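**Student:** One letter stands for each residue in the lines below.
There are 2 protein chains.
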Amino acid sequence: METIKKIDKLKKSLIGKREGTIGFVPTMGYLHKGHEELIKKCKNENDTSVVSVFVNPIQFGKGEDFKEYPRDPKRDSDIMKNLGVDYLFCPEIKEIYPKGYKTYVNVKEFDKVLCGKKRINHFEGVATIVLKFINIISPDTIYFGKKDAQQLIIIKKMVNDLNLNTVVRSVDIKRDLNGLALSSRNTLLSESGKLSALKLSQSLMYVKEKILNGQLSEVKEIKDIIKRNISKEKGIDIEYIEVLSLKNLTELKKVDLNNTIIALAASVENVRLIDNLILGEI
Amino acid sequence: METIKKIDKLKKSLIGKREGTIGFVPTMGYLHKGHEELIKKCKNENDTSVVSVFVNPIQFGKGEDFKEYPRDPKRDSDIMKNLGVDYLFCPEIKEIYPKGYKTYVNVKEFDKVLCGKKRINHFEGVATIVLKFINIISPDTIYFGKKDAQQLIIIKKMVNDLNLNTVVRSVDIKRDLNGLALSSRNTLLSESGKLSALKLSQSLMYVKEKILNGQLSEVKEIKDIIKRNISKEKGIDIEYIEVLSLKNLTELKKVDLNNTIIALAASVENVRLIDNLILGEI
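Respectively, the protein sequence lines represent chains V and W.
The first sequence lines up with residues 1 to 282 when you count with the numbering used here.
The second sequence lines up with residues 1 to 282 when you count with the numbering used here.
Just chain V, with the same shape it has in the complex (with noise of 0.2 Å):
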């Protein structure tokens, strides 16, 4: 594995490569298993493999988690690896924002629902700095979790909206046994947190099974369910319970098996966590 830090390097390098297929896989480093689903799925896929690890500064809001997001370079090196990753890119801010940036891209109104209400412009900053890559990579295929459910849905209508030549292909949410959603964040919860947290993924399977079973659809008391079952549990805070279409990500009043999603946020012992639940295809 070769780690660079600089564009120009990155896009030399992968000159000679453009004979195979390149792939790959953003992340912001502190991997889990979940990560390493995308990763293994992009080696599977491509002649060279590329991840990048990068916490992006413009996807934190004030008062956001910025500078307490977890990170580990050297572990987050060696699973790569092991994994037999070509390229670790991991470029300083400064090489990715230099002194006077100022070009930004919007994917309008799919930024302003579910995390975009209270995360302003924090889709700016993820869009943009995906956008910036794919330029850096000419990826043939690039790699994202289902979990950031609605960063992928965005990343797909930017991709497809912009014309850019770069299929967005989808990783299935990594649970824990228990049913926690991996995320970076869960190694800031306590143990108690952490069993606090399975209510929120409990809570989706619960509806999940009601919906497939024929017994539920109206919205309504989809959101009602899912709430009243968080609420039971203690220092749970719950910032949304949202039904929308996966398309579009526009509200909806019944279910639609082949175009839902079910998204929910929340916070426990300050740690901010999301999950979802998606019928159809994506």
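Source of the hints: derived by calculation from the structure; they are not laboratory data.
Treat the hints loosely; a few may be bogus.
[Unchecked claim] Covered stretches of chain V (in silico footprint by chain W; criterion: 3 or more residues with CB under 8 Å from a CB of chain W, positions within the stretch not fixed):
(1) 95-102
(2) 105-111
(3) 163-175
(4) 230-237
[Said to hold, decoys possible] Straight-line alpha carbon distances no greater than 30 Å define the calculated DSBU-like cross-link-like pairs of lysine-lysine that follow:
(5) V/Lys156 x W/Lys102
(6) W/Lys247 x W/Lys174
(7) W/Lys194 x V/Lys117
Owing to the predicted nature of the structure, the values given are computational and were not obtained by experimental measurement.
Ideal placement from N, C-alpha and C gives every residue a C-beta, glycine not left out.
Take the given structure of chain V and dock chain W to it, following the hints.
**Tutor:** Relative to the frame of chain V, chain W by itself:
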């Protein structure tokens, strides 16, 4: 010359041309000698030349002249054929902005000065269409005239900020024998309107000589002289006269001979005209 209306067809046609260089000139059609200069330069410097004709609706504000913007596709096509253009790309609006289109790019601050003060979202529209064209065509070099200097500076900034693999080249303003900067909109002026409009370029030439002679350097004085000069002519409605840094479009107090743009916009017979004087490399 092959005329292409579909994005996928153009992408496919260009696959076999990547061994050589591809040059691209984006236009809104109704070609004049200024466009011809751009196209000739593009032809001379590249193995394959692509020229687009697309009156981009999202760069026109409400009440602006999108509908009235002059169009003559047959004449444009003939001129391009004569100049030896390889591909004319003239997509319909729905090909570029299909239903549900949502993605926009902004070069912040750069888009709020000069023409951006009155033309809200104009440069968002310009940057977005150029980014889409760059992604569709992947040109080695893209060509812009210096008449739309703010556009040129914004596109250069976007290409640099977004790490695009395209070189932005600029071509000097083409003027008629009297000095009027060529523009597709000039055809909307009467003969007497054209005579009035000459005050714009004449005022710029007047201060240029004084600046180069060392007799004039204070920005306030330069703006006053141009304003007085233009105001002598009846029927010119000045929108702005600004003297800015060429690199980052911020205000100057004194002219820097290597980094200054003196830009103005004015209306004659309700036709909006712009002109500028550039000191330094762009």
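**Student:** Each hint: holds or not?
**Tutor:** Now the hints, each set against the structure:
1. 95-102: It holds: at least three residues are needed, and the stretch 95-102 of chain V offers 3 whose Cβ sits within less than 8 Å of chain W.
2. 105-111: Per the Cβ count (6), the hint holds.
3. 163-175: holds (count 3)
4. 230-237: With 0 residues close enough to chain W, the hint is violated.
5. V/Lys156 x W/Lys102: holds (12 Å)
6. W/Lys247 x W/Lys174: Holds, because 22 Å separates the two Cα atoms, which is no more than 30 Å.
7. W/Lys194 x V/Lys117: violated (52 Å)
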